[in-house]
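Kindly generate the complete structure, drawing on both the sequences and the hints.
Here the protein sequences come in this chain order: R and Y. Just add 22 to wherever you are in the first sequence, counting from 1, and you've got our numbering. Just add 55 to wherever you are in the second sequence, counting from 1, and you've got our numbering.
One thing to keep in mind: the hints can contain errors.
To be verified - Which residues of chain R face chain Y? A partial, calculated answer using Cβ under 7 Å:
| hint | residue |
| --- | --- |
| 1 | 35 |
| 2 | 49 |
| 3 | 50 |
| 4 | 81 |
| 5 | 82 |
| 6 | 85 |
| 7 | 89 |
| 8 | 98 |
| 9 | 99 |
| 10 | 113 |
| 11 | 123 |
To be verified - Computed, partial: chain R to chain Y, Cβ under 8 Å:
| hint | residue |
| --- | --- |
| 12 | 43 |
| 13 | 45 |
| 14 | 47 |
| 15 | 51 |
| 16 | 52 |
| 17 | 56 |
| 18 | 66 |
| 19 | 78 |
| 20 | 90 |
| 21 | 102 |
| 22 | 110 |
| 23 | 114 |
If you're looking for bench data, these hints aren't it; they were derived computationally from the structure. For every residue, glycine included, the Cβ atom is placed at its ideal position computed from N, Cα and C.
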Amino acid sequence: MTHMPQAESHGEHPPTTIREYVLIGIVLTVVTAVELWVSYSGMSFGLLVGVLMVLSAFKFAVVVAMFMHLRFENGLLWRLFSFGLILGTAIILALTALFWNDRTDIVGGVPANAAPGAAAPAKH
Amino acid sequence: MAAATHEPPPHVTEHHTTTGIDNRKMMMWIFLASECLFFGALISTYLIFQGESLVGPLPHEILNIPVTSASTFVLLMSSLTMVLAVYGAQHGRLGMMKLMLLATILLGLVFLGFQAYEFTSFVHEGLGLTTNQFGSSFYVLTGFHGTHVAVGVLYLTSMLLASQRRTGLGADRALHIDLAGLYWHFVDIVWIVIFTIIYLIPH
Numbered sequence: 023m024t025h026m027p028q029a030e031s032h033g034e035h036p037p038t039t040i041r042e043y044v045l046i047g048i049v050l051t052v053v054t055a056v057e058l059w060v061s062y063s064g065m066s067f068g069l070l071v072g073v074l075m076v077l078s079a080f081k082f083a084v085v086v087a088m089f090m091h092l093r094f095e096n097g098l099l100w101r102l103f104s105f106g107l108i109l110g111t112a113i114i115l116a117l118t119a120l121f122w123n124d125r126t127d128i129v130g131g132v133p134a135n136a137a138p139g140a141a142a143p144a145k146h
Numbered sequence: 056m057a058a059a060t061h062e063p064p065p066h067v068t069e070h071h072t073t074t075g076i077d078n079r080k081m082m083m084w085i086f087l088a089s090e091c092l093f094f095g096a097l098i099s100t101y102l103i104f105q106g107e108s109l110v111g112p113l114p115h116e117i118l119n120i121p122v123t124s125a126s127t128f129v130l131l132m133s134s135l136t137m138v139l140a141v142y143g144a145q146h147g148r149l150g151m152m153k154l155m156l157l158a159t160i161l162l163g164l165v166f167l168g169f170q171a172y173e174f175t176s177f178v179h180e181g182l183g184l185t186t187n188q189f190g191s192s193f194y195v196l197t198g199f200h201g202t203h204v205a206v207g208v209l210y211l212t213s214m215l216l217a218s219q220r221r222t223g224l225g226a227d228r229a230l231h232i233d234l235a236g237l238y239w240h241f242v243d244i245v246w247i248v249i250f251t252i253i254y255l256i257p258h
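Below is the structure:
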């Protein structure tokens, strides 16, 4: 991919061509179709979650790098956005880990919001 | 007095910054980075509460994946038209920029139409904002995303209307379209994550 000459008075712009943008759009559409197929494929839950996460991360990265032009921008912007993204991901991981392992609402072996007479949950 | 004639008019004065990045672009990226935290908190809330509902409707009973896949495709295509609008602006192709901006606005409106249809059908099936924890977290997360799309549609419409009076494009105008594009693509990447977490991963 070679850098195109700068347009007369329209400032700097990335070297991507219209054809490349359309190709990226097609790739994103195909990956979305694959995601859909994977979600109906009946594979094991762990594998399915892993494959879907990788595919959506790929789409995310392609849009940020090529459509938002972060690949061609000053490295400071890349670090700035990565910082927000890492913090946002950390919030998701920390809160879900905290609440999915939360046992503080289990009183006397029975969840506080369970119906009267409900059995105690199995120990993990 | 003669020296004053050498100063460029205010509207073409370049912004020199110590980072070499235009302040407006820097501000947009800082805003988008902060939006990552905003949606991170909303996605966390959904993940925590979606499995805690004691009464239905539950996610697997109500989510319509084929319809949402169609709206996802529409939003992806709007990202493509948006990047082509930015391309038009950066290469001085005013007609292409206007056409692609209009296409992006229309695709954004179609996405909002899909969301309105989804919300309406969910309400008819008995899932309200306060029905259960899944409903509350689902509507808050997708509602805030939809609001971002609606703001984006208004933002792009203002860009399109402003460009109607123009016969040419300068670097400053191209930057405005670029900034609008950054916002629109961000809305798209947030949906990429939401679509996977809410719709594709079985509950």
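inquiry  = For the restraint on residue 98 of chain R, tell me whether the closest CB of chain Y is nearer than 7 Å.
reply    = 6 Å, holds
query = Would the hint on residue 102 of chain R stand, with a C-beta cut-off of 8 Å toward chain Y?
reply = 5 Å, holds
key: Per-residue hint verdict: residue 85 of chain R, partner chain Y, C-beta under 7 Å   = Since chain Y brings a Cβ to about 5 Å from residue 85 of chain R, closer than 7 Å, the hint holds.
request  = Double-check residue 35 of chain R for me: the hint is only fine if its C-beta lies closer than 7 Å to a C-beta in chain Y.
outcome  = It holds, given that the least Cβ distance between residue 35 of chain R and chain Y is near 4 Å, below 7 Å.
inquiry  = Is the interface hint satisfied for residue 43 of chain R? The criterion is a beta-carbon contact with chain Y at less than 8 Å.
reply    = This hint holds: residue 43 of chain R lies near chain Y, its Cβ roughly 5 Å from the closest one there, short of 8 Å.
key: Status of the hint placing residue 49 of chain R at chain Y (closest C-beta pair under 7 Å)   = 10 Å, violated
ask   = Would the stated hint for residue 47 of chain R survive a check requiring a Cβ distance to chain Y of less than 8 Å?
value = 4 Å, holds
ask   = Close enough to count: is the Cβ of residue 52 of chain R nearer than 8 Å to one in chain Y?
value = 11 Å, violated
key: Supplied contact hint for residue 123 of chain R, tested at 7 Å Cβ to chain Y   = Since chain Y brings no Cβ nearer than about 11 Å to residue 123 of chain R, farther than 7 Å, the hint is violated.
Evaluation of the interface hint that places residue 81 of chain R against chain Y, nearest CB under 7 Å = 5 Å, holds
key: Evaluation of the interface hint that places residue 82 of chain R against chain Y, nearest CB under 7 Å   = Hint on residue 82 of chain R: holds, closest Cβ of chain Y at ~5 Å, below 7 Å.
inquiry  = Is the interface hint satisfied for residue 110 of chain R? The criterion is a beta-carbon contact with chain Y at less than 8 Å.
reply    = 3 Å, holds
Hint compliance for this structure: hints 2, 11, 13, 16, 17, 18 are broken, all remaining hints hold.
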